[in-house]
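Order-wise, the sequence lines are chains C and A.
Heads up: the first sequence begins at 554 in the working numbering, then just goes up one per residue.
Heads up: the second sequence begins at 17 in the working numbering, then just goes up one per residue.
Just so you know, the hints here were simulated from the structure itself, not pulled from any lab data.
Don't take every hint at face value.
Stated by the list, open to error - Quick list of simulated restraints, FRET-style, between CB atoms: (1) A/ALA206 with C/PHE717: 20 to 28 Å; (2) A/GLN200 with C/PHE728: 37 to 45 Å; (3) A/ALA248 with C/LYS611: 30 to 38 Å; (4) A/ALA248 with C/LEU775: 18 to 26 Å; (5) A/SER74 with C/PHE778: 33 to 41 Å; (6) A/SER74 with C/ARG588: 45 to 53 Å; (7) C/ALA575 with A/ASN59: 22 to 30 Å; (8) C/GLY646 with A/ILE94: 44 to 52 Å; (9) C/ALA575 with A/ASN22: 53 to 61 Å; (10) A/LEU146 with C/ARG588: 35 to 43 Å; (11) A/PRO19 with C/LYS611: 34 to 42 Å; (12) C/PHE778 with A/PHE85: 33 to 41 Å.
Claimed, not checked - No farther apart than 20 Å at their CA atoms in a straight line, the calculated lysine to aspartate or glutamate pairs in the EDC-like style are these: (13) A/LYS293 with A/ASP235; (14) A/LYS18 with C/ASP647; (15) A/LYS220 with A/ASP205; (16) A/LYS18 with C/GLU679; (17) C/LYS611 with C/ASP781; (18) A/LYS220 with C/ASP781; (19) A/LYS161 with A/ASP235; (20) A/LYS18 with C/ASP781; (21) A/LYS293 with C/ASP647.
It should be emphasised that the depicted structure is a prediction, and the values quoted were computed from it without experimental measurement.
Heads up, the beta-carbon is just placed ideally off N, CA and C, and yes, glycines get one too.
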Amino acid sequence: MKSLGRIILFAAIGAFVLVPLAQTIMTSFVSTLPRSGIVEGHFSLINYQNISHSAVLKQAILNSIIYVVLNVVLCLGVGLPAAYAFARYSFVGDRQLFFLLLVFRITPTVVLSLPIFVLFAQIGLENTPVGIALVHCVFNIPIAIWILEGFIASVPREFDETAFLDGHSLPSFFFRHLVPAIAPGIGVTAFFCFIFSWVEVVLARILTTTGGKPITMAINALFGFRTDFGLVTAMTVLALVPGVAMIYFVRNHLAKGFVIRT
Amino acid sequence: MKPYDNSAWFLVLPALVIVTFVGILPLVAVTNYSFQDLFSLNNPYWVGIDWYRNIVTSERFYASLGRSFLFSAIVLSIQLPLGIWIALLLQRSHRFIVSTVLVLITVPLVVPWNMIPVIWLNFINPNMGLAGRMLAWLGVGFDYKFNALHTWIVLVVMDTWHWLGLVVVLAYAGISSIPPAYYQAAAIDAASPWQVFRFIQLPKMKTVLSMALLLRFMDSFMIYIEAFRINAGGPDSATAFLSLDLGEEIQAFNYGPSAARSIVYFLIVLTIAWSFKAATSMRAPVTMAPAK
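Only chain A is shown next, with the shape it has when bound in the complex (with noise of 0.2 Å):
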């Protein structure tokens, strides 16, 4: 047990004040807009929860919210598979290509955002990209501009590409957590590899899963500028994510609103996070030993 000691507040005070001062200040703050009509910031006007009840009460902001619980799913089904499975043949294999492929994979996490839908519009284009003139040359009539479903594939292929690592890295963390003795009790009891994955490699990535689980969720719900680059919510608002709303706003110096939004998405990460935490130590009362 770590012993009681309420002078480790001290060692703590310094990250506190930061994080206060570049997070809950600015969100104290602009609650106060939200429930303001402000034409220019010295001109405040009270207005209650107009703006809330504008948002809370359009179809759009439900459409919205719909597509972005869409996005996360696919992305989610597609990377956290994805990235186990790749994590468990590399831990069956050298050194050597351990740390190629964990090294070339990160890769794209070093892409600054607004650089991505660049890169990847730029492999797409029919005239010159490699990818865009290998599907006109394999006779695909593909058009991410005014196709909605193949905008989709774009995002979602995009967004795999540019997050994969982190899966895998999280991933294979966990896995190269598990002390060499597990196998051997499995080899014993002439476990299968299903259940060798079933009952101890999953258990023992749960923690650093349940990270990249949470991670990946918050970043494609509330994906924006990837998004916005590529078709700009477009065809027809088929790619139209909540951010790209409050983006919309923010652009327009609509400060009422868009501080009223910017408090709804806050209050949705929250609860977003407190079920996560309510989930995870529900079935995890303590914490994990440290790894040797």
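Only chain C is shown next, with the shape it has when bound in the complex (with noise of 0.2 Å):
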């Protein structure tokens, strides 16, 4: 009887969080607007087939995978290296250190907005999807250290002792050792850094105002006096595509990210 009702609930939290979604995805399979040659309201592909002929909308494809990626490689390059230090060393302001990565981690992007398009329109990082990536990385490095530093930390010292001993430099040690023994974490701490970079829109929209625009902004941009609905949800369902994936992939790993000092 007990199971029977968690299965009833689990079944309510999965109608809770897919009906809304399922009207976007139906949505997108209809025109919805009056065309020749197609009945409105109808399914139809026509709105995936529009996405496919506007060079507007695949360059926004383009330039958000470009900005996500560049920033993941980013938040991970520099990550690794600090998670160690954090996870293996004390030193001096390692606590103020780590406090202040707190603060920005937790530090809205709303409030972050002026300072950071006044400061990027100066040197020219503004438009680009280098600026986005380089942006999210205010809130995507602590993340990459945090997480990471907890998967380093379960790694017992010997392991890095024996490495040294065998005659690894540090990042010989990094590349051939440290990295393939906590390669899930490697993969959890991607995958958070990719949805909260993918999914951020304040900062990506004072930043693209004429240009370099991510598919957050180009959906933006489909509303006007005649919003094409269908083309607005069916791009809302090709954004949610890649998170999607990413999710299915580190599904068994999700949780451990995070059994971490704060």
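Make the complex out of the two chains shown on their own, each in a separate frame, by following the hints.
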């Protein structure tokens, strides 16, 4: 009886999550504007065809992928050595530095949007995916360090010492031993950096007023006097695909990434 | 104990350089602007603390602050207990169910933030939306545009839809780090389920739960794009939260006032982070052992 109640509850949660989405997915397969040859409100792939014919929308998808990949690589690249330092050593100011990272992780992007806009406009980093990739580091580097540190700390110290005795240098130890040993941790870190960067819109908007627009801003630009709502929902569905795929890949490690100190 | 070695700074340096560049430097620049009247960025006129005085003496600021606190309080009192409860049920479930529920519940986390209100407005639309038509059919006079209570309900439900997954993932991570020996010991002592929760599970989940609390508090306290798109702070400013005031001023390119407001809000964040740290390290002076 007890497990039946649990299943019903889980089904209710699933419905709560999926039903609002289902409506959006359904709309994306329907022509929402009067067009010759297609009945309005009937099943159609017209929205997806329109995306594949639109250079602007395809460029936006590409921009999103460029900035998000760049951001994940950057965060892993600087996050891994930093996480190693936090996990293995204590040093002057380590607590203060950890606190600073925590502060920047929780600072809402709208609070930083004006300062960043002013600074990036002055040094010519606006309207490019590189600018967005850099800016998103402000909340993703702390996340990367936080998750990776937990995974590194769960590897016994002897593991490092053996490698160093075998004559490995620090970079060679990182790539040949540490990265394979915490591979699930790298995956979980990449996942969280990916989603937090992918969904962020406030900084992405203020930095791409005239060009370099990611998917989210391209969708914003679709709203107008006579919005093609089907096209909007089709772009939204496409924007979900990479994230859902990543969730699927890390599903068994998802919960492990957070068993960590604060 | 970890060895003391200051050359570890070389390892954290690259991360620190980037965070300085995209976090600290902009804040320093904007502090400068907050003391000036900038018709354009090339024409600064020193006004001292005028912008700050305007903010802290305006009734609107305190009203928004109050609304933001209320929203956070409601959101936390729903999402935290619900998330913990789901995590507890998951812990006793089959592996396959666990990963299915975790995958499902984290899907809203990957929806771009500007699309979340679009999805929900679509969903509650009285003519086309599934929920909207359902409510109309039930005879509920649901009007999120002009009824403040209904706008609040939409925002709270939408926020729960969006973020419940994060709380569940964090809570489940905490629970699954508990070694089975703890439960065996509890069984030998004939502990009730409540005692197991109160004295084993809750203490073990403390670290991740405090993180969930902090993240959820901060994000709901400064909710911006989602709230703005639903009703732009309305009806009659009933959902005008702190961030909406700031967003309004940035949109209007009032450099000075919005710079001052950014600094005030950052100080609020700093205070919250600091008191959070003080509260958690008082009770747990040493870091917990890593999970195996």
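Verification of the hints:
1. For A/ALA206 and C/PHE717, the hinted distance range of 20 to 28 Å is not satisfied, since their beta carbons lie about 50 Å from each other.
2. Between A/GLN200 and C/PHE728 the C-beta distance comes to about 41 Å, which sits within the given range of 37 to 45 Å.
3. Roughly 32 Å separates the CB atoms of A/ALA248 and C/LYS611, a value that falls within the hinted 30 to 38 Å.
4. One distance hint, 18 to 26 Å for the beta-carbon pair A/ALA248 and C/LEU775, holds here, with the actual separation near 19 Å.
5. Range check, A/SER74 to C/PHE778: about 36 Å between beta-carbon atoms, so the 33 to 41 Å window is met.
6. In this structure the supplied range 45 to 53 Å holds for A/SER74 paired with C/ARG588, their Cβ-Cβ distance being about 51 Å.
7. Checked against the hint of 22 to 30 Å, the pair C/ALA575 and A/ASN59 fails, with Cβ atoms roughly 53 Å apart.
8. At roughly 39 Å, the beta carbons of C/GLY646 and A/ILE94 sit outside the given window of 44 to 52 Å.
9. Between C/ALA575 and A/ASN22 the C-beta distance comes to about 56 Å, which sits within the given range of 53 to 61 Å.
10. For the pair A/LEU146 and C/ARG588, the beta carbons lie near 25 Å from each other, so the given range of 35 to 43 Å is not met.
11. Separated by about 52 Å at the C-beta atoms, A/PRO19 and C/LYS611 break the suggested range of 34 to 42 Å.
12. For the hinted restraint 33 to 41 Å between C/PHE778 and A/PHE85, the CB-CB distance of approximately 39 Å keeps it satisfied.
13. Taking the CA atoms of A/LYS293 and A/ASP235, the gap is about 17 Å. The hint holds against a cut of 20 Å.
14. Of the pairs offered as hints, the one joining A/LYS18 and C/ASP647 holds, with about 12 Å between alpha carbons and a cut-off of 20 Å not exceeded.
15. Proposed proximity of A/LYS220 and A/ASP205 is supported: the alpha carbons are some 19 Å apart, at most 20 Å.
16. Our distance criterion of 20 Å between C-alpha atoms is broken by A/LYS18 and C/GLU679, whose separation comes to about 42 Å.
17. Straight-line distance between C-alpha atoms of C/LYS611 and C/ASP781 comes to about 17 Å, which keeps the hinted pair within the 20 Å bound.
18. Restraint check for A/LYS220 and C/ASP781: not satisfied, since their Cα atoms lie roughly 50 Å apart, outside the 20 Å limit.
19. For the hint pairing A/LYS161 with A/ASP235, the CA-to-CA distance comes to about 23 Å; that exceeds 20 Å, so the pair is violated.
20. For the proposed pair A/LYS18 and C/ASP781, the alpha carbon gap of about 59 Å is over 20 Å, so the pair is violated.
21. In summary, the hint linking A/LYS293 to C/ASP647 is supported, as the alpha carbons are separated by about 14 Å, within the 20 Å threshold.
Of the numbered hints listed earlier, those contradicted by the structure are 1, 7, 8, 10, 11, 16, 18, 19, 20.
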